[in-house]
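Enquirer: Take a look at the letters that make up each chain.
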Amino acid sequence: MSGDLNRREFLRSSAMLAGLAVAPGVLLYDLAHGKDQPASSSVRWGMLIDTNQCEEGCDDCVKACNKENGLPGGTGPADEQWIRKVELKNIKTGKITSLPMMCQHCAEPPCVDVCPTGASFKRADGIVLVDRHLCIGCRYCMMACPYKARSFVHEPLHDQKPEVPRGKGTVESCTLCVQRIDRGENTTACAEACSKAGHKAILFGNLNDPDSEVSKRIREVASTRIRADLGLDPGLHYEGL
Amino acid sequence: MKRLQAALLAMSLLISGTVLADVSVPHLDIGKGGHCVNDPKYMKLNHGDLLKRQRTITVHQGVIGRYSLIRCVNCHASKVNHSVLGTNSNFCQGCHVYAAVKIDCFECHSSRPETVSETLREVAK
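Protein sequences appear in the order of chains X and W. For what it's worth, the working numbering labels the leading residue of the first sequence as 1, then goes sequentially. For what it's worth, the working numbering labels the leading residue of the second sequence as 1, then goes sequentially.
Derived by calculation from the structure, the hints in this document are not laboratory data. Note that the structure is a prediction, hence the values are computed from the model and not measured. Every residue gets a Cβ at the ideal spot worked out from N, C-alpha and C, and that includes glycine. There's no promise every hint is true.
[What the hints assert, rightly or not] EDC-like mimics (lysine to aspartate or glutamate), calculated; alpha carbons at most 20 angstroms apart, straight line:
(1) Lys63(X) to Glu118(W)
(2) Lys79(W) to Asp159(X)
(3) Lys168(X) to Asp104(W)
(4) Lys161(X) to Glu107(W)
(5) Lys52(W) to Asp131(X)
(6) Lys85(X) to Asp131(X)
(7) Lys161(X) to Asp104(W)
(8) Lys52(W) to Glu163(X)
(9) Lys161(X) to Glu118(W)
(10) Lys161(X) to Glu114(W)
(11) Lys67(X) to Asp104(W)
(12) Lys67(X) to Glu114(W)
[What the hints assert, rightly or not] Computed footprint of chain X on chain W; a stretch qualifies when at least three of its residues, placed anywhere within it, have a C-beta under 8 angstroms from a C-beta of chain X:
(13) 60-67
(14) 101-114
Chain X extracted, bound-state conformation (with noise of 0.2 angstroms):
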């Protein structure tokens, strides 16, 4: 019986060592080096667009996307478009809406779905990404995707910006300024942009954060998401549509 007790002590105790000498080693290892936390599930990235807030003929916020991550800012059918403009008009109300497309960030990506080689992958934070290291250019997601938010690059491409490397031959989109994320800020270039321009039409922030400002107003006004009827539980929400 004592046995089994001196046992029990030995553990503990020589637990509480090992922890003891080991944790002040990691600590200063991420202290010297920088180490960030990895991407965590405890938050979701997302949007809420106030499209009463957007303004017909403002692209704002497709400037700023371009600009940010060095895209060349055509708009034909075989350039890179990370974000869209989109005007609808209903018809029997003649009432138009103008909104922001861009990639909607899905919890259940058709894209990550299709993907033969694990290109496409939604990261821990509910960013959905395409791993440019692995993608073949086969264009699977650019087809799955019921949003038309990917695009491909057909021509090599020179002098793109550090932080956002593209490469022809890959298939791209929005990102969320997934470099922006990870330096530990908390806004996009369009959010930004939109804001500046005095609209404020797109709200950026933690959706599992219920103090969020975003998490906040979704919470108090009514929204939706484009195609719901999918069931793709898409990170980005719309106001007014």
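Once you've looked at the hints, dock chain W against the given chain X.
Expert: Below, chain W alone, put in the same frame as chain X:
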């Protein structure tokens, strides 16, 4: 006869000298250089594996680690043409041409340090 012998000897020495110069390691413009994440001997052998491992961590977990390609380029870009590519004395191209190993990192990634590529884009506009 002796003069001919001497001339032949000198010529053979010259030829072998140039051959020797050709097989010596490439002379690299290492930019800022110096000891960074590991010693140069280790990096010479293992940089490929380190970068491959780092790329998965960066893309899938969002961790900008110590073996970030941006950091390599920031220090090792030539001070002449501000790039790791371009001529056979540039840091990446020099060795890869010598070893005949195709390098495709820079079909997508920037071969210039952060500040230089920023100014280039501004000029292009």
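Enquirer: May I ask which of the numbered hints given earlier this structure violates, with the numbers listed in increasing order?
Expert: Violated hints: 6, 11; rest satisfied.
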